[in-house]
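Participant: Sequence:
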Amino acid sequence: MKRRTFLGSALSCLLVSTVASGAFPRIAQAADTKSIIDARGRRISLAQVPRRIAAISYSAVDIALALGIMPVASTYMTKGRAPDYLLGLTEKMTNIGQRARANLEVLSSVRPDVIIAMRRYTEGHAAQFEKIAPYIALNMELLEESYYEVAQLAALLGQPERGEALNEAFSQLLVDIASQVPAGHQPGPRFQIMWGGDSPFSFYDEATPASIANTLGGTNIMGPEPSNGRFGAEISLEAMLEKDPEVIFVYDSGPERPHESNPVWSMLSAVKNNRVHYVGDAWVETNGPIAREVVLREVAHYFYPEAFPAVDTQAIGRRYIPQTLWQ
Numbered sequence: 001m002k003r004r005t006f007l008g009s010a011l012s013c014l015l016v017s018t019v020a021s022g023a024f025p026r027i028a029q030a031a032d033t034k035s036i037i038d039a040r041g042r043r044i045s046l047a048q049v050p051r052r053i054a055a056i057s058y059s060a061v062d063i064a065l066a067l068g069i070m071p072v073a074s075t076y077m078t079k080g081r082a083p084d085y086l087l088g089l090t091e092k093m094t095n096i097g098q099r100a101r102a103n104l105e106v107l108s109s110v111r112p113d114v115i116i117a118m119r120r121y122t123e124g125h126a127a128q129f130e131k132i133a134p135y136i137a138l139n140m141e142l143l144e145e146s147y148y149e150v151a152q153l154a155a156l157l158g159q160p161e162r163g164e165a166l167n168e169a170f171s172q173l174l175v176d177i178a179s180q181v182p183a184g185h186q187p188g189p190r191f192q193i194m195w196g197g198d199s200p201f202s203f204y205d206e207a208t209p210a211s212i213a214n215t216l217g218g219t220n221i222m223g224p225e226p227s228n229g230r231f232g233a234e235i236s237l238e239a240m241l242e243k244d245p246e247v248i249f250v251y252d253s254g255p256e257r258p259h260e261s262n263p264v265w266s267m268l269s270a271v272k273n274n275r276v277h278y279v280g281d282a283w284v285e286t287n288g289p290i291a292r293e294v295v296l297r298e299v300a301h302y303f304y305p306e307a308f309p310a311v312d313t314q315a316i317g318r319r320y321i322p323q324t325l326w327q
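In my numbering, the protein residues as written are 1 to 327.
Just so you know, not all the hints are guaranteed correct.
Label-pair ranges, simulated between beta-carbon atoms [what the hints assert, rightly or not]:
(1) Asn262 - Lys34: 48 to 58 Å
(2) Ser109 - Thr78: 40 to 50 Å
(3) Tyr278 - Gln98: 14 to 24 Å
(4) Pro187 - Gln128: 14 to 24 Å
(5) Glu144 - Ser35: 27 to 37 Å
(6) Arg51 - Glu260: 23 to 33 Å
(7) Thr78 - Ala47: 34 to 44 Å
Keeping only pairs whose Cα atoms sit at most 20 Å apart, straight-line, the calculated SDA-like set for lysine to any residue is [stated by the list, open to error]:
(8) Lys34 - Pro160
(9) Lys131 - Asn103
(10) Lys243 - Ser266
(11) Lys243 - Val264
No lab work stands behind these hints: they were computed from the structure. In this text the structure is predicted, and so the values were computed from the model without any measurement. Ideal Cβ placement from N, Cα and C applies to all residues, glycine included.
Just need the whole structure built from these sequences, with the hints factored in.
Facilitator: Take a look at the structure:
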């Protein structure tokens, strides 16, 4: 049996008390299942439960599939790549373009009942979206938002109890995995989560993957979000070397990796110790129930490979998505 560490016990107590106190947003059983307050503070009300969902984000696809609903349309993140944790099902949906440049004409052609979108890529075109269908803009960036988004969208889609169950299961899974961190790993490794580039864009503690990694004992070299409210910032490789992360997670957005040609890159501890991990789309849009479990289990494995097995992302997807959608 794995020993329950002080770190795991402390995190377990913290997470249990957080859930019990209601700090993670929840919805009551009496919630209005035909309306939602989005990240703009706007209430969007629907006449009936929507069935034709257009998703301008993988997180919205993730939530819908976990509820047994196949969206009619989706954007993509990297062209030609369907997310494996969603079982490649985005290929069965109408492609409405890259998530930052949705094709409004194609979107209109699928006649959606509702558009569920990542706010930062779509808010500037809200009026155009609203001419097509009710438009819901969600941040989909922070762990604390994930609980709200899953619960509220599940309620809007007619399954409030399922949304609550998904959130409670993930909260408990955080507790369980944190409690299994092996002895002798306090604190856990220094880590960094980044997009590749000459000056990599890296994520603060509040971003969902970083919050999960912190929960498992890691120390994010970027630290907490500053007062300007941004969820990440660029950092030079020279500054990275000063902080010297022991584990680096790089969002794998294609073959171009300019950071690797900088001689400083090879001086980093994570690089020298083969602890750089190019991670998939679940890490970029982590706020759905499937993605956040994938990231949690992958963090556990990459931080503590002797204690946690390698992750089969498709197996996780199959546990959430009904067979009727992927067989």
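Participant: Each hint: holds or not?
Facilitator: Results for each hint:
1. At roughly 52 Å, the beta carbons of Asn262 and Lys34 sit within the given window of 48 to 58 Å.
2. A C-beta distance of roughly 24 Å is found between Ser109 and Thr78, which places it outside the suggested range of 40 to 50 Å.
3. Evaluation of the 14 to 24 Å hint for Tyr278 and Gln98 yields a pass: the beta carbon distance comes to about 20 Å.
4. Range check, Pro187 to Gln128: Cβ separation about 48 Å, and the 14 to 24 Å hint is violated.
5. Between Glu144 and Ser35 the Cβ separation comes to about 21 Å, which falls outside the hinted range of 27 to 37 Å.
6. At about 46 Å, the CB distance of Arg51 to Glu260 disagrees with the hint of 23 to 33 Å.
7. Checked against the hint of 34 to 44 Å, the C-beta distance between Thr78 and Ala47 comes to roughly 36 Å, which is consistent with it.
8. About 11 Å separates the Cα atoms of Lys34 and Pro160, which keeps this hinted pair within 20 Å; it holds.
9. At roughly 14 Å between alpha-carbon atoms, Lys131 and Asn103 fall within 20 Å of each other, so this suggested pair holds.
10. A distance of roughly 14 Å separates the Cα atoms of Lys243 and Ser266; the hinted pair therefore holds under the 20 Å criterion.
11. A threshold of 20 Å between alpha carbons decides the hint, and for Lys243 with Val264 the separation of about 13 Å falls inside it, so the pair holds.
Of the numbered hints stated above, those contradicted by the structure are hints 2, 4, 5 and 6, listed in ascending order.
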